[in-house]
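Chains as they are written, first to last, in my numbering: chain V, 452 to 711; chain U, 166 to 413; chain X, 1250 to 1507.
These are computed hints drawn from the structure, not numbers from a lab.
Some hints here could point you the wrong way.
As the list claims (entries may be wrong) - DSBU-like, lysine-lysine: derived pairs with alpha carbons at most 35 Å apart:
#1 U:K401 / X:K1375
#2 U:K401 / X:K1359
#3 U:K401 / V:K598
#4 U:K401 / X:K1459
#5 V:K489 / V:K505
#6 X:K1379 / U:K401
#7 X:K1359 / X:K1379
Remember, it's a predicted structure, so these values are computed and weren't measured experimentally.
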Amino acid sequence: MNGAVRLAQRWAVFVVVLIAWQLVTTAADSVFFPTPIKIALDLQDKLFSPLLTKHILPGMGRMLFGWAVAGVIGVALGLLLGRSRVAVAYLGPVFTFLRSIPPPLMVPFFAASIGITRMQLPVIIFGSLWPVLLNSVDGARAVDATKVDTARVFRLSGPQWALRVLLPSALPKVFAGLRLSLSLALILMVVAELRGSEYGIGNQLQYARSDFDPLAMWSWIVLLGLLGYLLNSLLLLLERRALAWQPRHSLEARALATGG
Amino acid sequence: MIGLAGFFALWEAASRTGLVPDYYLRPPSVVLPTLVRLLGDNHFQRALVATVLATLIALVIATAIAVPAGLLLGSVPVVRRAVMTLVEFLRPIPSVAIIPLAVITVGSGPETKIGLAVYAATWPILFNTMYALDEIDPLHVQTARAFGVRRLSVLTRVALPSAAPFVLTGVRLALALSLGVVISTEFFTGGTIGLGQYAMEAAEGTNMMAEVLATTVLAGALGLGANAALEWAHRKAFAWSLPRGGER
Amino acid sequence: MRMLEVSDLGHTYQGKDGAHTAIDGLGFSVEAGELVCVVGPSGCGKSTLLRTIAGLVRPTSGRVMLHGTPVDGVPSDLAVVFQDYSRSLFPWMSVTRNVEFPLRKLSRRKRAARAAEALSAVGLGKAGRKYPWQLSGGMQQRVAIARALAYRPALLLMDEPFASVDAQTRFELEDLLLRVRREQDTTILLVTHDIDESVYLGDRVLVLSKSPATVVADLDVPLGPVRDQIGTRASGEFVDLRARVAGMLQGNTPVGAR
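Let the hints inform the model, and build the full structure from the sequences given.
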């Protein structure tokens, strides 16, 4: 098929929806539903204002830091536990239980125990830990017996075994977990910041709500969507790089099928 | 099971010995009786029912939207190309970000939390259905076509059954998401009832940590139970799709 | 009566590196009640030919007539048995459900009766409630054959039906096919790359050339309706015929191909 036709097919509906949105919101002229052009301009203003350094960057930074901490703990602990049948037998149910707690419910608990302005980071870490941890456990368990025997025959040392056999074998699962965790971290960032954070996009959303400023709320929502898309794409890129040696598989389908 | 018992024992010990301040992390010997008391409490019962019901309604609506949509997107490439760009823009928006806006525009009734949960729950089901259609064995389709089955019937008689296990996995993921969104929405819709609202009020009250933890444990048990039920259903209904060895 | 008539059939498809002609100017016919084997080297376009006759693939030139009507789309009285039984049976259906699959238009009772009949004809009368993955490969292919028989097609197409089973099972299934067609009087077009099989099973053998496939020879097989694996295969006629087919397959590289 022709490249131009394909491009048109890809974008036609999107553009039509955007135009329709513009027309409908212009006609409706409601405070609650600003036009996309207004939202874009407002978002631009926000990005080139002190809000960027006071709220957007620190909030995102905290989220990414929390996700990274969860990632490091989850992968290390997961790979370690995954190689021990006993550990999995004992701890599996505990993890499954902790994972089953809807992560937003950690907000009230951490808010009451750690403090409402300090609970954001722990909420993000706790909530985004489980997908990485459980996927890493799965990944470590999935190392096939031939690989284990080969490593034994060649008398690989502990660290060599971990870095050159275990980690690469578990990597597809680990990445699937990391991606689930990332989207979870973004959700938890918003929930936790909506409740009493001193900074962050969630804080600004709450601020816009008490100010009764729907336009600002739309802008923040759109920004969150864009950031989510960007971060996920970056991680996918990294994943493709890291898993280039793998036979073709549909990454998304795997991620969804392995569950989070 | 021993592991889970050990976990509660450790929690008890940590709390008793003052390793963590027991004012915050109340021991299970306090939390579990509190949970039992709450389950008999009328106000709490209504909160529990409200949350569970909203979650299930959202899940049913999301499934009703996402499965046909996934079948359409998965089987008609032109539609898929046309709509995917829009989907790629909508999907990354965290549903919880819409909570404040939804509350001021729609209000804080149950329709708000159900609507937001539907939004969140639709994606995993939609994508799992769509990707499952990609994975269908072309020979299955050809076999059906060779026996004179028409294209539309191939969709219901071959594509849907072969995609069903994938779809159920999507529903399982969607259930967890939907419960999370319902609870999150309840945090911010004062005056309504629900577990989220209950936990938040308890957290803001004084000396109510046991109630907060009891609610958290209960929600965890609910999630665990629902997940186990769906996994059981999966094994029962889709035995053919499970990995197997030597069952000749 | 003429069941199938293929005239001047050609199929060219667009591959990654330009157009590829799988079959070219192919013509033959099959009379009602015949079992015709099509034999040709691997990758010569046998499967494309079969899929074209089944209406799954539209030919780029020529036409296919099924009892006098041109084939356009999948004809309603035709069935196919594919080589890959494990992928052609539906794993989510029991054996009986698989056999009943194409019988949608019949009443439930008739469907059940037909399925039971077809299953016992292939020696699987008791396996109806099992699932395909609980059966061995040979048994799975029996189910696929039963499904095609239960449909009672005017023409049964078989695409390398016994290529994925072990030799012993293969002999059993070949004899099963011969017995069933004697009993049911079905017209069968069977594609294979196995010379012995084509001679053993066929009333006629069509020998195809290398890709693009054309008909090199159309041989009658005068071995009679009843054959057996040991006697027939040892007979002079059989040995002669298989030598002729083998010679044609090896010697016949059309000038200009490749």
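**Study point:** Hints that the structure is at odds with (numbers, increasing)
**Key:** When the structure is compared with the hints, only number 4 turns out to be violated.
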